[in-house]
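Chains as they are written, first to last, in our numbering: chain A, 16 to 1003; chain B, 788 to 976.
Honestly, the hints are just simulated from the structure, not real lab data.
These figures come from a predicted structure and were not determined experimentally.
It cannot be assumed that every hint is accurate.
Cβ-to-Cβ under 10 angstroms is the rule here; a few derived chain B residues that face chain A [what the hints assert, rightly or not]:
(1) R855
(2) M861
(3) R864
(4) L905
(5) F930
(6) G932
(7) E941
(8) W954
(9) A959
(10) W960
(11) R963
The following label-pair restraints were derived from C-beta to C-beta distances [to be verified]:
(12) B:P947 - A:E661: 14 to 24 angstroms
(13) A:R92 - B:K951: 21 to 31 angstroms
(14) B:D910 - A:E982: 16 to 26 angstroms
(15) A:G49 - B:P947: 30 to 40 angstroms
Glycine included, each C-beta is placed from N, C-alpha and C at the ideal position.
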Amino acid sequence: MNSDRWRRIEELYQAAYARPANERSAFLDEVCAGDAGLRLEIESLLKQPVSADGFLERPALGVAPPVLPMPLAAGMRIGSYEIAGMIGSGGMGEVYRARDLKLNRDVALKVLPELFARDADRLVRFRREAQVLASLNHPNIGAIYGLEDADGIGALVLELVEGPTLADRIARGPIPLSEALPIARQICEALEAAHEHGIIHRDLKPANIKLRPDGAVKVLDFGLAKVFAGDGSGLDLSQSPTVTVGGTREGMILGTAAYMSPEQARGKVVDKRADVWAFGCVLYEMLTGRAVFAGETISDTVAAILDREPEWGALPARTPAGIGHLLRRCLDKDPKHRLRDIGDARIEIEEALTTPSVDAGAVTVPSVHTTGWRRALPWALAFGAAAIAVAVLAPRSSSPTVLPPAPLRLTADLGADASLVTAVGPNATIGASVALSPDGGLFAFVAQKFSNGAPQLYVRRLEQLQATPLTGTEEAASPFFSPDSQWIAFFAQGKLKKIPVTGGAVVTLCDAANGRGGSWGEDGTIVFTPSVAESGLFLWRVPSGGGKPEPLPKPDGEATQRWPQVLPGGKAVLYTGNTGVGGYENANLVVQPLPTGARKIVQRGGYYGRYLPSGHLVYMHDGTLFVAPFDVTRLEVTGQPVSALEGVASNPSTGASQFAVSDTGTIVYLSGRSTSGAVPIHLVDREGKTTPLRATPATWSNPAFAPDGRRLAMDIREGNQLDVWVYELAGDTLSRLTLDPSDDRRPEWTPDGRRIVFASSRAVATTPNLYWQRTDGTGEVQRLTDSKNQQFPSSWHPSGKFLAFTETNPQTGNDVMILPMDGDETSGWKPGKPTVFLNSRFIEANPMFSPDGRWLAYASNESGRPEVYLRPFPGPGGKWQISTDGGNQPTWSRAQDELFYGALNNRMMVASYIVEGNSFRAEKPRLWSEARYVPREGGQRAFDLHPDGERFALAGVVETQAQARQEKVVFIFNFFDELRRIAPAALR
Amino acid sequence: MTQLLLAWGQGDEAALNRMIPLVHQELQQIARRCMGGERGGHSLQPTALVNEAYLRLIDVQQMNWQNRAHFLAMAARLMRRILVDHARSKGYDKRGGGAAKIALDEELVVPNEPGRDLVALDDALEALANVDERKSRVIELRFFGGLSMEETAEVLHVSPDTVKRDWRLAKAWLLRELRGDEGTTQDAR
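Assemble the whole structure, with the sequences as input and the hints as a guide.
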C-alpha cells in the first residue's frame, strides 16, 4: 500500500476514534468524501474491539501456553520415574532426583529441553550417542542408564551420585597431596576406561567430579558436551551440560572455559588429549586451590589458555617431582607434545603414592616460559574471543566418533516365485511366516505361489539365492526349527508336524487344531499352543519324537497363552499371556518354569516375546520391536526396554508378529505396520460379488442378522472395550447395545427379534456367562446363567424355548449345552437349569439349530481337525458328518434346505439336504462362492447368512489384498551388537 | 556482557552477535520461570520481562538510556522469537491452513490453543511491518517484551502519546487481520 494512503487512513482513524461512537459515521461521510474504499478501510478498523477483553494487554508470557519446559514438580511421573525434586539446572535442561519405580532405585533425570526433544534428527543422533555412552561401565564413571522418552518429555536417566563435587571441595581450599592424589588416580581411571571405548569427556572440570562419602570418585557427564552440542568439534560453551546450582550464566561459561584445551578454544577438532589437558587443570587446581587459567572474563581466560604459562610456583613445595613433571606434560599447549595417554598419568600418580616420600619429594621448579606471551596478548585476546564466538554460534564440523560396527541391514527377495503368507490376504495366517535356524544358516518361510494359492513351507540356505519348497507342507503355519537346525516343525491341517530341513517325509506329531506357536527345546520337548478353542488355548508339550501331548500347569487368570519359546536349558518357557481375548498391547510376557513352578510376569504391555542369546528380551508393542536386557538365570528384565526396530509387521489382535531371530544374531522380519485387524463388513453373494455393507473398518466379530434381515448385531472391540452393537442396514447407523465396561460379545437374536442374548463377563472378569436384553432399549439386562465356567451363546431354537450355547468345562473341554427358557412374552421368561447336550473330551463349538428345530449342527475336532457334524434335537440319535475336508461355523439357511459352513481355507461351502422321517441326508458339500473371508480374532464367528439365504455378511478378501504380494523381507546381521549398544545389561 | 553492550552501542555489530546467545539463554530462563509460576499471569508485571534480563546481565551503572533501549529492543525481538518458534515447533500451522480463524481476544482470555494464535500473530506482525514498521515494533516491545508505554516510547524515540495511538491502531489492524473480517484488507495491501 502506498504510504500516503496509509498515513491518511491512520490520521482519519485516530480522528474518528477520538469522537463519540455515534458521531463517527457522519464524520467519515464528510472526510472520506466519496472515497468508499477509504471509508470501508477505516470502518473496518474502527469496529475492532481494541479495548475489549484485553487483546494483547497482558505480555505474551502471561498468556502464552507453557511453551517452554516447565520445571517438573515432585510426584510427577515420567514413564516409570517419579520426580522427587530438582537437583539443579544447567545449560541443557534441568536435573532431577527421581525414583525408578521399576527397578526401585533413585536416579538422576536430566530432562532435555523440549525444543531439543522435538528435533527428530537431533533426537535420533542423541539417542545413538547416548547409547554409546551408556555402554560405559566403570566404577569411577557416573553411569548413563538410558534415555527415557515418555509423555513428550525426553530425559537421560543417570546414576545418582551423592556427595559434594570436587569444586565444592576445592572451594574450601587446596587439597593435601595425600588426599588429592587418590582422587586424581580415580579420575585417571575413569578417563582411561572411557578413552579405551573411544569416548572423550570434553568437559572435565571439578564441577562434574563427585566425591562420594565413601571415598569413591565419580566422573559425571561423560561425552555429554558433544551429545548436546550435536556433531560439534569444539566445546559449545553455552551448552555445557554440566549442572550448576545458583551460578550465573556467565559464571558457568567462565567455569567451563577455564578447563578448555587450547585446541578446543580454537574450535578445532579435539581428541582424548583435550581430556588430558583438562585433567592437568583439575589436578593443578586441587593442589593449589585455584584454577590454573583463571581470568576475569572469558576473553582473559581464553587468552591465558592459549598463551600463558601456568604459575608453577603456586604448587605446594612438597609436590613430588614426578607429579610436577606430569602436570607440565598434561598442560603442554601443543597437543603433539602433550602427555599422550591418561594411563601414563595414572602410573605416575600410583608411583608417587607408593613412594614413601610423597611428602618429602623434591620441589618442582618448572621452567617458566615468559617468552613473548605479553607481546602476543592482544592477538590472543582477539583470537580467543573469536574462537568463543565460533564455538557458540557457528555450525560445527563433524568429528570422529568411535562407534561399534553398524549392523548390516538388507532387504531380500524370498527367493521363490511366491508371496509370503501374512495376516491379510486369501490365506491369512495368524503366526509368523518366517523362521531362522538357530545356527543362522537357514531361512524357512510360508508362502503361496502366485499361480496357485496354497501356502506351503519353503527353505532357503542363506548362501543361496533360491528357496526350495518342501512338499507335504501345504497349509503350513508358524514354522519353527529344532535346536540342531535339522528339522522344521509347523502347524498344518489341524496337526503339529515336522519335516527334515532337506525335505522328505512329513511326520505328524499330534493334534493342534489351530496352533498359536510352538518352540522346540534343547531336551527334545516341543511346547506349543494347540488351538484357539477353549481347552487348547493354553500351553501343552509333546516329545518331538512323538508321544502323548500333555498340558502344562493350568493357567490362573489368563484367557490364553501363546507364542511360546523354550528358554535355553529347557528349564522355563517364555510366552505371551493375556487375561482378555484380543487386545495384546496390554498382554504380558510370562515365564513358566518347567516342568512346574510359579509363573512370573517378566514384562507387561507387549506381546510375542523372544529371549535372545545376547542376553535380551525382545517383544512387540505398538508395531515396534522393543528390547530390554534380560537375566536368563534370574528370569527377569534388568533394564529399561527401548525401541529396537520400528515397522515390524505385527497384529495386536492376535499377539503375533512376523519376525524371527537366530542364535547367531541375525533377525529376519517382514516390514509393515501393526495391523489391528479392523476390517469393513461386506455382503457376498453366490456369484462371489462383494459389496460393502459397512465400509468403516472395525474390529468386529460374531455377526448375527436379525430375523427381519434389516439389522445386524455383532461385537466390536475398540481399544480394550468389547461390546455388542446393532447395525441398521438401511440407515447405516450403528448403535451400542451393551453399556457395561466389561467384555460383552457373541450376540444372538431371539426368534421374535425382541431380544439379544450375549456373553458378558460383567460378574467375573474372565468368566463370561449368559445375559439378555431387549433390543428396543427398554427393560433391564437380565442374567440367564450363573456358572464358574465360560459360556457363549450360539443359537436359539425356533420355539424360543431353548438356547444352545457352549461351555468350557475344566474336565471335558468345550461342551454343547442347552438352556431351557420357561414362560412366554406375556407372563415373562424364566431361565431353567442348563442341561448337557454334548460333552465329549473333544472340542464342540458353534451349535446351530436347524430352522425346523429338529437338528443341531455343530463343529467338533474329534477327528483331529474341525469338521461339521449334525445330531437330532433333542436326541437321542446318531450323528452325521456334513463337511468332508474340514469345516467350522455351521450356518443354516432359513430360506432353503441348505447348510453352510466355512472351509479351512476360509471359503464358504454349502450342502443341500433332504430330511426323510428321522433321517437327514446331506449332499456332498460344494464350494458356494469363490469369495473368501478374513477370519476373526480368536476363531470367533466370521460370517452370518442373511435370512433371504442369498447373501453372507463377512469381511471379504478384496481384490487388492488378494493380489498384494509380499516378496521381500528384511535381514539384519550383527543385530545383537546393536541390541547390546542400545540396551546394555544393567550394571550391578 | 556490559562491555559487549557498550561496544554494540558504538556500532560494533560483532558484539551484538556475541550477546544474542547469552540474552537468549537468559530470556528462556526467565520465561521458563514465569511459566512455572501461576498461569494466570497476574503475578507477572508488564515490565518484568526483558527488564529483568537487563538487570541480570548488565552492569546498570555503566549504561545510558540509549544502551538500555537498544538492549530492550533486542530482547523483545528475541522473546518474540523464543515464543513463536516454540509455538511453530509444536506444529501450529500458519494461520491454521484453512481452519476456522480464531477470535484472538477471546482466546487470550480463555486460552485454548494459544500457540496457534502466537504463530498467526507473528505472521500478522510481519504483514503489519510492511505497512507500518513502527506499529509492528510497538506491539513487539509491549506484547513480547512486556515494556510499558513509556519504555516503548523511549526505545522508539517517540512520545508516549504516539505510542498509545500506534498501539490502538496496530491492535485494530491486527484484530482485523487475525479475524479475517471482510472489508478492505485486499485493498489495503
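Against the structure, the hints come out as follows:
1. R855: violated, 18 angstroms
2. M861: violated, 15 angstroms
3. R864: violated, 12 angstroms
4. L905: holds, 6 angstroms
5. F930: holds, 5 angstroms
6. G932: Hint holds; G932 (chain B) Cβ to chain A Cβ min 8 angstroms, cut 10 angstroms.
7. E941: Not OK, violated: E941 (chain B) not within 10 angstroms of chain A, min 17 angstroms.
8. W954: Since the shortest Cβ distance to chain A is 8 angstroms, the answer is holds.
9. A959: holds, 4 angstroms
10. W960: OK, holds: W960 (chain B) within 10 angstroms of chain A, min 6 angstroms.
11. R963: At about 5 angstroms, which falls below the 10 angstroms cut-off, the nearest Cβ of chain A leaves the hint on R963 (chain B) intact, so it holds.
12. B:P947 - A:E661: 14 to 24 angstroms: Given a distance of about 58 angstroms, which is not inside 14 to 24 angstroms, the answer is violated.
13. A:R92 - B:K951: 21 to 31 angstroms: Between R92 (chain A) and K951 (chain B), where Cβ atoms are some 49 angstroms apart, the hint is violated.
14. B:D910 - A:E982: 16 to 26 angstroms: For E982 (chain A) against D910 (chain B), whose Cβ atoms are near 48 angstroms apart, the range 16 to 26 angstroms is violated.
15. A:G49 - B:P947: 30 to 40 angstroms: holds, 36 angstroms
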